[in-house]
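Participant: Each chain, written out:
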Amino acid sequence: MEQIGLSHIAITTGILLILTGLWGILTQKNIIKMIIGFSLFDTGIHIVMVGVGYVEGKTAPILDEAVQLKEAARQIVDPLPQAMVLTAIVIGIGITALMLAYALRLYQKNKTLDIQKFNDLKW
Amino acid sequence: MVEPIYIVASGLGIAFLLGLFRKTGESLPGLIMLLTLAFMTFVSGQWLISLMFEGGTPQYTYTAGFKPPFSINLLMGQSEAVITTMVNGVGLLGGLYLLDRLKAQGVNSMIVFLLLFVGLNVVVMTRDLFNLFVFLEVSSVAIVGLVLLERSTQSLSAGFKYLLATALISGILLIGIILIYQYAGSLYIDDLVRANLTAVKGGMVAVFLILIAVALELKPFPANGWGLDLYQGAHPGLGALVSGGFATAMVFVLYKLLPMAGGGWQYMMATLGAVTFIGSNLLGIKQGHAKRLLGYSSVGQIGLLMIVVGLSQHLGEALTAIACGLLVSHFLAKSGLFWLAGIIQKDGLRDWAVLRKKPFLLVLFGTFIFALVGFPPFPSFFAKWELIMQLSAAEGFAWAGIVLFGSLLEGIYLFRWLGYSIKLDHQELPSFRLPWQKILPVGISGVALYILGYFATPIASGAGSLSYLPLAFIVLVFLLDFLPARVKNVLSLAGMAFYGYMIMPGLYENDGLRFLFSIIFVIGGILTLLPGFAYTGKRRGFYPAALLMFAGLGQLLTAETLLQFFFAWELMTVGSYILIIRGKRSMRHGYTYMLFSVGGAFLMLAGFGIAYATSGMTSLEALGQVTQWAGWASALIAIGFMTKTATLGLHIWLPGAHAEAESDVSPMVSAILLKAGVFGLLLLFISMGAESAGSKPLFYVLGWLGAITALIANLTAVFQEDAKRLLAYSSIGQLGYILFAFAIMTHVGWLAGFTYTINHFMYKAILFLVVGGIVMRLKTHNMYEMGGLIKRMPYSFIAVLIGIIALSGLPPLSGFAGKWLFYNAGIEKGWYLQGGVVFFSGIIAFLYLYRLIHSVFLGQLKDRHRTVKEISPWFLVPAYVLILGIMAFSANPEWFLKPFGQITAPYFPDSQLTWQSDGTAVGQLGYWNGTQVMAIVMALFVAITLWLIMLNRNAKKVKQFNIVYAAESPETPETTHISYNLYAGYNKALGVLTRPGITGLWNWISEAVTELADQVRRIYSGNGQTYVLHVLTYVVIVYLITTGGL
Chain A
44 MEQIGLSHIA ITTGILLILT GLWGILTQKN IIKMIIGFSL FDTGIHIVMV
94 GVGYVEGKTA PILDEAVQLK EAARQIVDPL PQAMVLTAIV IGIGITALML
144 AYALRLYQKN KTLDIQKFND LKW
Chain B
336 MVEPIYIVAS GLGIAFLLGL FRKTGESLPG LIMLLTLAFM TFVSGQWLIS
386 LMFEGGTPQY TYTAGFKPPF SINLLMGQSE AVITTMVNGV GLLGGLYLLD
436 RLKAQGVNSM IVFLLLFVGL NVVVMTRDLF NLFVFLEVSS VAIVGLVLLE
486 RSTQSLSAGF KYLLATALIS GILLIGIILI YQYAGSLYID DLVRANLTAV
536 KGGMVAVFLI LIAVALELKP FPANGWGLDL YQGAHPGLGA LVSGGFATAM
586 VFVLYKLLPM AGGGWQYMMA TLGAVTFIGS NLLGIKQGHA KRLLGYSSVG
636 QIGLLMIVVG LSQHLGEALT AIACGLLVSH FLAKSGLFWL AGIIQKDGLR
686 DWAVLRKKPF LLVLFGTFIF ALVGFPPFPS FFAKWELIMQ LSAAEGFAWA
736 GIVLFGSLLE GIYLFRWLGY SIKLDHQELP SFRLPWQKIL PVGISGVALY
786 ILGYFATPIA SGAGSLSYLP LAFIVLVFLL DFLPARVKNV LSLAGMAFYG
836 YMIMPGLYEN DGLRFLFSII FVIGGILTLL PGFAYTGKRR GFYPAALLMF
886 AGLGQLLTAE TLLQFFFAWE LMTVGSYILI IRGKRSMRHG YTYMLFSVGG
936 AFLMLAGFGI AYATSGMTSL EALGQVTQWA GWASALIAIG FMTKTATLGL
986 HIWLPGAHAE AESDVSPMVS AILLKAGVFG LLLLFISMGA ESAGSKPLFY
1036 VLGWLGAITA LIANLTAVFQ EDAKRLLAYS SIGQLGYILF AFAIMTHVGW
1086 LAGFTYTINH FMYKAILFLV VGGIVMRLKT HNMYEMGGLI KRMPYSFIAV
1136 LIGIIALSGL PPLSGFAGKW LFYNAGIEKG WYLQGGVVFF SGIIAFLYLY
1186 RLIHSVFLGQ LKDRHRTVKE ISPWFLVPAY VLILGIMAFS ANPEWFLKPF
1236 GQITAPYFPD SQLTWQSDGT AVGQLGYWNG TQVMAIVMAL FVAITLWLIM
1286 LNRNAKKVKQ FNIVYAAESP ETPETTHISY NLYAGYNKAL GVLTRPGITG
1336 LWNWISEAVT ELADQVRRIY SGNGQTYVLH VLTYVVIVYL ITTGGL
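If you read the sequences in order, they're chains A and B. In terms of the numbering used here, the first sequence opens at residue 44 and continues consecutively. In terms of the numbering used here, the second sequence opens at residue 336 and continues consecutively.
There's no promise every hint is true.
[Stated by the list, open to error] Sample of chain A residues facing chain B (criterion: CB under 8 Å; computed from the structure):
no., residue
1, V95
2, V98
3, T102
4, G137
5, K154
6, N162
7, D163
8, L164
9, W166
[Stated by the list, open to error] Stretch by stretch, here's where chain B covers chain A in the computed footprint (C-beta under 8 Å, at least three residues):
no., stretch
10, 48–59
11, 65–71
12, 117–130
13, 141–153
Keep in mind the hints are simulated off the structure, nothing from the lab. Think of the CB as a built atom: it goes at the ideal place given N, C-alpha and C, for glycine as much as any other residue.
Please work from the sequences and hints to get the whole structure.
Facilitator: Given below as structure tokens:
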């Protein structure tokens, strides 16, 4: 049987974070708490991505003394998931910022952050 | 040629540079933004032209000099060129439209606006999955940013809900992408398509997550509350961008990614589309808020496109054309509608009546509505036709049914809305501003729909040499609409005459049946256009509509293929709808007429689909070559035609539509338009094999339907107080006779049918013309408010007298010929009981005819009518021309009946009717000589008249008021009038048959549908968390269904 490695721990943690985040989005009435939920959800996804991209026993994709150019393809982990995670983190920050901006505007206009108060548009 | 990468580079570069212009004011950055969008449109348009028309080759752009999968690459192929041109086009027009808003918000909003379109272009062109994700996020964030153009609580909360849902969806997409990468080792879409990922369990989950995320971006019903709230809450200019730009791009993304999955998944996507198309359009029925309704319609149309993409494997080479036709129509119409919503700034559908203040906006609104439902000459018409044909050819009849049913549901709310804007009574119609930069985009969308429709014609199988010449003439008349009515009337008459000159000689040579109907459609058209000279003013919109109807009718006769026939049928429907809804109180009736027409047309279309599928032919002969499901095909088509002949059950639109129409419209739609249904039925009967088909149960049913229609309609006519309503019910009854006669399916039966057809045309035109003329003079429809008019309107009296004698079927006039043939045929066929019903309804007809002549012309002249003049000669002249026709038929029936025999002979060769040299017709059951009967009756008439004059020579003439009153004066004077409720006794005995049971049934159906829509739409609670839950539940349920876990 395969040993429980770092990537398993990462993926499990990530999934737990995703679920926690979803729970937060679905159950918290306060918009700020919902945004925190989204943040957790997003972070969870990023951790899962890192976990999936990680390969046991290989090193970081940086060419220095530890990695020779000729051996690189065998020694390093695939850099693409990490590049993707970086991008995803940036996008996630953008979305979180936009959500917070909305929260601010909503609060300024209505003096409340209760999501249930914002259901004029329906049906 | 400019490289496609410059679309992205220019947008992105200028967006950054715009930041430098914060201090220069907003005009310069606004101009730069528009120029950039124009440049982007130019580049993609250039590729469109090169790839579509000049045989250019698709271009790959590789970043950083690596080939995929080591680099991101963009593809500019034919589809990409089409989609990016559309997206950039809506960006340019939408940017112009929103310019003042964007200026008010500052340079930052312009940057966001440009980024939205950079994002969409990359999403369309990229072949890299992660790149797709990034720019999808850019677009989504830009949309949410642009929501802030409107800073009400509603738009803020809508934006937040949208953000929440799209954030969740992008999370799902991201997980899918990383899983895909793990299983395929590549994110290059072409690699992924080749990799057959769905074969392994993990790969399948990955593909599922990606496809469901894309599907969710299309806002599928019912997990789309967040999208609908955005449509409703955001600025309509943004609604146009989301519906026209974002949704268009996402449909293409679905099309691009779907090949990653296998066949079963494509059905899944089509099913999700079907649920969306039906569900969203159903909920639209109850919706009263304009922008939200547009959202429902938008979501529905995207659902239709999901069906098309999902079923792409069955559509073969037609796929691109169908998808483009539907997409471009929706794109132009929906952006146009959102922009209109922004111009008039009214949320309630009923408030759109203000559009009447600006007729050209009303015309554009109508254009968009007709384009959405799929009427000619718009691209959606041809695309929908081809979709139904290809689905049928692949035996996907259930899919075809779903497409048609959903379209009907969409028609229900769209035509109600159009009706409101044309006709709804409105106390005050506030004016609104019309800035040119807001009108221009709407106008361009509208005009583009017509132009693209013209070019989209070849999409449809069997378009052949579809003639646009009549339509070009109508456009000319429409452009001259500012001229006085008389001038346009002359122009229209000239057009009609020329049209007749073009088509009638050819038909005379080759096809007696079509020639007969061309007399009704063209000559009848000319005669009923003459009364137009009695109108003063401009009569805006009347002539284009009337000509459209007549062009449709004429093209029915020249149609050679199924498509040409259907095209003509729909043109006729549009024209007649506009004519009918022009009446003062016609909003409801025009609406009902349209719904029955659309429903009937869709049934026909389904039938045509079966015919095309089983015969493989596009010509009208296909109807006769149906090898399988022939019963279904003929039943569907027959019901379609019977919505126009107003057979019982499908008749409820007719009385109101004909009665409330303008005086010269009633004869058009009654005497002429109804014959289109008759012509269609005849084509169907002939193609079914005429004689050999006569024993089919269908004809037995149709015979009974005709008989019962005649009975009930005639009985209802008896109890009408409104003269035009009486004539309308009478028309239903007469069409019942015609259906009955043709359903007999023998030589004599058809002779009777033709006789009734031509006679009903003549006498119903006479009656409606004269009664219409009287209504114009007296300003009332009620017969008890008329009376004694014989003195004031003697020529009208004579015309009506001749009309009702002909209608009643009494000798010596032509109606008798019909009756005589009719009974011969019925008895030969052995239809005694049905024949008895028809005979009985013929007797009932005497009651209402007597009422018409008695209540209107005889009795006491009303005080207020003492100086009323004879009706306008423009109504009398055509009526008297038609009287000449009736007289000719009556005096020399063989002039007409012999040609009818020649028409019938090819289909029913063994005639039981022979002609002797003196013009006597001999049937199996007896003989009849019209000329002699005429002579005898005339002699009797003269003799009796002389005798009466003799008897009355000593009578004393008294004045009208030389009578004694009783000592009371009644409170409601009209109830004491003899003509009021004239047949109260009969009503007690037989009135139960005329209770509007069928109207009740249709009302019940419509209420049930509306109530269902109202209940279902409550799932959109307005709570952002509920919407997120919908999205998650949707993912789980679809997953369980696709993997077979549910």
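Participant: Between the stretch 141–153 of chain A and chain B, are there enough contacts, at least three residues with CB-CB distance under 8 Å, for the coverage claim to hold?
Facilitator: Result for this restraint: holds, n = 8.
Participant: At a threshold of 8 Å, is the proposed contact between T102(A) and chain B supported by beta-carbon distances?
Facilitator: At about 19 Å, which exceeds the 8 Å cut-off, the nearest Cβ of chain B leaves the hint on T102(A) violated.
Participant: Counting residues of the stretch 117–130 of chain A with a beta carbon closer than 8 Å to any beta carbon of chain B, are there 3 or more?
Facilitator: As far as the stretch 117–130 of chain A goes, the hint holds, because 4 residues have Cβ atoms under 8 Å from chain B.
Participant: Using 8 Å as the Cβ threshold, decide whether K154(A) counts as touching chain B.
Facilitator: violated (11 Å)
Participant: Taking the least C-beta to C-beta distance, is V95(A) closer than 8 Å to chain B?
Facilitator: OK, holds: V95(A) within 8 Å of chain B, min 5 Å.
Participant: Given V98(A) as an interface hint, is the shortest Cβ-Cβ distance to chain B below 8 Å?
Facilitator: Since the shortest Cβ distance to chain B is 11 Å, the answer is violated.
Participant: Identify whether the interface hint at W166(A) stands, where standing means a beta carbon of chain B within less than 8 Å of its own.
Facilitator: holds (5 Å)
Participant: At a threshold of 8 Å, is the proposed contact between G137(A) and chain B supported by beta-carbon distances?
Facilitator: holds (6 Å)
Participant: For the restraint on N162(A), tell me whether the closest CB of chain B is nearer than 8 Å.
Facilitator: This hint holds: N162(A) lies near chain B, its Cβ roughly 3 Å from the closest one there, short of 8 Å.
Participant: Grab the minimum C-beta distance from L164(A) to chain B and call the hint holds if it beats 8 Å, violated otherwise.
Facilitator: holds (4 Å)
Participant: If you count the residues of the stretch 48–59 of chain A with a beta-carbon closer than 8 Å to a beta-carbon of chain B, do you get 3 or more?
Facilitator: Contact hint for the stretch 48–59 of chain A vs chain B: violated, 0 residues under 8 Å.
Participant: Does the CB of D163(A) sit less than 8 Å away from some CB of chain B?
Facilitator: Cβ of D163(A) sits 6 Å from chain B, so the hint holds.
Violation of the numbered hints given earlier is confined to hints 2, 3, 5, 10; the remaining hints are satisfied by the structure.
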